[in-house]
Amino acid sequence: MAEMKPQDRMKIPRQPMPNQDGTVRRGNFEEVALGYAEETARKEAERCLQCKKPACVEGCPVGVLIPDFIKALREGDMAKAVEAMKMKNNLPAICGRVCPQESQCEGRCIVGKKGEPVAIGRLERFVGDFELANRTCPLEKAPATGKKVAVVGSGPAGLTCAVDVAREGHKVTLFESLHGPGGVLVYGIPEFRLPKGVVLGEINYAVQCLGIDIRTDHVIGRTITLDELLTDYDAVFLGTGAGLPSFIRIPGINLNGVMSANEFLTRVNLMKAYLFPDYDTPVKAGKKVAVVGAGNVAMDAARCSARIQSLQAKQSGGDPGEVHIVYRRSKEEIPARAEEVHHAEEEGIIFDLLTNPVEIIGGSNGRVTGMRCIRMQLGEPDASGRRKPVPIPGSEFEMAVDTVIMALGTSPNPLVFVDAEGLERTRHGTAVADTATGRTKKQRVWAGGDVVTGAATVISAMGAGKRAAADINKFLKGETAPW
Amino acid sequence: MYKILEKQTLSDVTKLMVIHAPHVAQKARAGQFIIIRIDENGERVPLTIADFDRKAGAITIIFQEVGKSTMQLGALKVGDAVSTFVGPLGHPTEVTDFGSVICVGGGVGIAPIYPIARALKEAGNTVISIIGARNKDLLFWEDKMRAVSDELHICTDDGSYGRKALVTDPLKEILEDKTRSIAKIWAIGPAIMMKFVSSATKPFNVPTIVSLNTVMIDGTGMCGGCRVLLEDGARFVCVDGPEFDGHKVDWTNLLSRLQFYRDEEKAAVEHYKHTCNLDKAMAEGGK
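As you go down the protein sequences, you meet chains A and B in turn. Heads up: the first sequence at position 290 corresponds to 376 in my numbering, and the numbers run straight through without jumps. Heads up: the second sequence at position 267 corresponds to 337 in my numbering, and the numbers run straight through without jumps.
Treat the hints with care, since some could be wrong.
The following label-pair restraints were derived from C-beta to C-beta distances [unchecked claim]:
(1) Gly255(A) <-> Lys350(B): 27 to 33 Å
(2) Phe483(A) <-> Leu300(B): 28 to 34 Å
(3) Gly283(A) <-> Asp82(B): 39 to 45 Å
(4) Gln401(A) <-> Asn275(B): 49 to 55 Å
Since the hints were derived computationally from the structure, they do not count as laboratory data. The model shown is predicted, which means the values in this text are computed figures rather than measured ones. Note that CB positions come from ideal geometry on N, CA and C, so glycine has one too.
Extracted from the complex, chain A is given alone in its bound form:
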């Protein structure tokens, strides 16, 4: 077959992702996006122009060899596609599902300049899922070096770092404070967006191939401190994330029915409260839920609420209820991934934009009965470059709600700084670390991911884990100057 011309490639429409129907999926926790079939994947892969200077790769925080894996995919050589992928990314099944592609690889895609970009994320997921099922690309490690590395936190930054360090033959111990590994991939991101089987499949495989020792139930700063780790290990990587939820200071914040998105999502995702009472942890999503904030976490909380409402209505009968996103800016400024917003809308989530809560109101039993809000309008651009929302005087009104979920961002857990003399911290509570190497101000300690940047994305945390791993490997070989 003759090589297709670029004009012809650009005529192929972007292949849609088959999804569970919006009304059906509101009643279950199964995955929303069903994944491409092989034929669809190959067709989508044909859309790639194989640019000589691929902008998509520059848009990727870990520099996945995008044209290479897509080429192998369309030629039907899946083993080669996986190999190309794994050169830079060990967790494609995860990234393909949760990366904000529209602002990274796909945002830079040349095909996207005139039409819709190549669905790089969907293709990445296809390759990742193929590898999960077939394991054509074994993770190999160099002979043992006798060096020991402690990786603290088993989320995206820690996992990536652990894998890259272990492949060099260093003995890695991965510390996790919760009862299972995965960090935010497990406690934060819901099953319907990232099935836990996919996460555990990736982790277990890496652990088996590379002999990584996972120690759950270890809280750094309490069970064991950073200074103690440094006596036992040659290097320590901190990938402890940003787990501390923020609450706004308005009256009524401690009423029953007000919770952080972290609490709500941890109950639902980590503790599987949607299967209560077969699982012990309960969760309440009332008949009218307000989620404050509009990031990915807010979308996750809203969509979980809708599902819990539907499941509870199925048991007790009656109307499932409503879920609102309450956001002080307008639709354009919504920080969540476009796909999440779109999915939330399909699932019937109501968006109350340019609206800001000023007080949560409670009944005599200490339960939430409503939320006083004020309407906002957009003024001059602020420090973030976005137009600053300003309250419209006299526009206060009351929303009748029984549950308020605060999804207003998170900051790093300060426990990691306990007995960690010399580990510098910014006034935002994040660890100070070099962007290129991940080195902190404390000798033999690296950090990366949300603990350094504040809440960001899975892929940027993976990128940081990767850069730190490369520097740790050099340091352990004596190839770089010590601090």
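Here the structure of chain A is known, so what remains is to put chain B in place on it, guided by the hints.
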């Protein structure tokens, strides 16, 4: 997995367990707590540390079987194991020589007050202890408390043992006694007891420390479910506590937050009893 090394039945509903968890025992100090999860379907339950043995790598916990998880835990035997055991969490009790101190333990709160009383005694304090429960059956560790106290007062609500009184009665008498000067008070027990102890000591202006046990999931500062209102704003019990100045706690808010999942707790107990009976019937049917 963490093995149960020892089990004692302190009353019909109060059980003691010694659990093998060297990573926790190594660091544990009086006033801290652990989180336990029985199995893969289990919830994470915070329990204050009743005792620890660094050499044996063991932690002692005492609990009352009041909900599904504590009932299920109470049914486990020596040699069985639990899936999760995290700790030590929270700040330890600040222990120095204050002079004369009072330690109040109510019901299952006698367990966590014991290591605190012991540490205070070891630090040179004169320790006056008051322990109380609804009835004689629910009292335990009288001998252990006596061993670390200069003076021990025992009360029961129904008068079946010791004095028929609430713990606040001897407490007020001691505070009213002008010949004594009390530097600090610790009170651990049901929230309602800690509330009344705090209001009893407030007129005397004696610092009163309470140890709160609120709804909690991770225990590391991640969920914020445990937040408590103090005079100057909210705090997280798991990382800022579990000990707080009882005079500053908003008890109405705390008590109402403890009730939030009451219906679910009842449903969980019913579900558990139902499955237990089903299992029993299956086992009998199979014979």
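Hints versus structure:
no.	hint	result
1	Gly255(A) <-> Lys350(B): 27 to 33 Å	54 Å, violated
2	Phe483(A) <-> Leu300(B): 28 to 34 Å	31 Å, holds
3	Gly283(A) <-> Asp82(B): 39 to 45 Å	43 Å, holds
4	Gln401(A) <-> Asn275(B): 49 to 55 Å	52 Å, holds
Comparing the model with each numbered hint stated earlier shows that hint 1 is the single one that does not hold.
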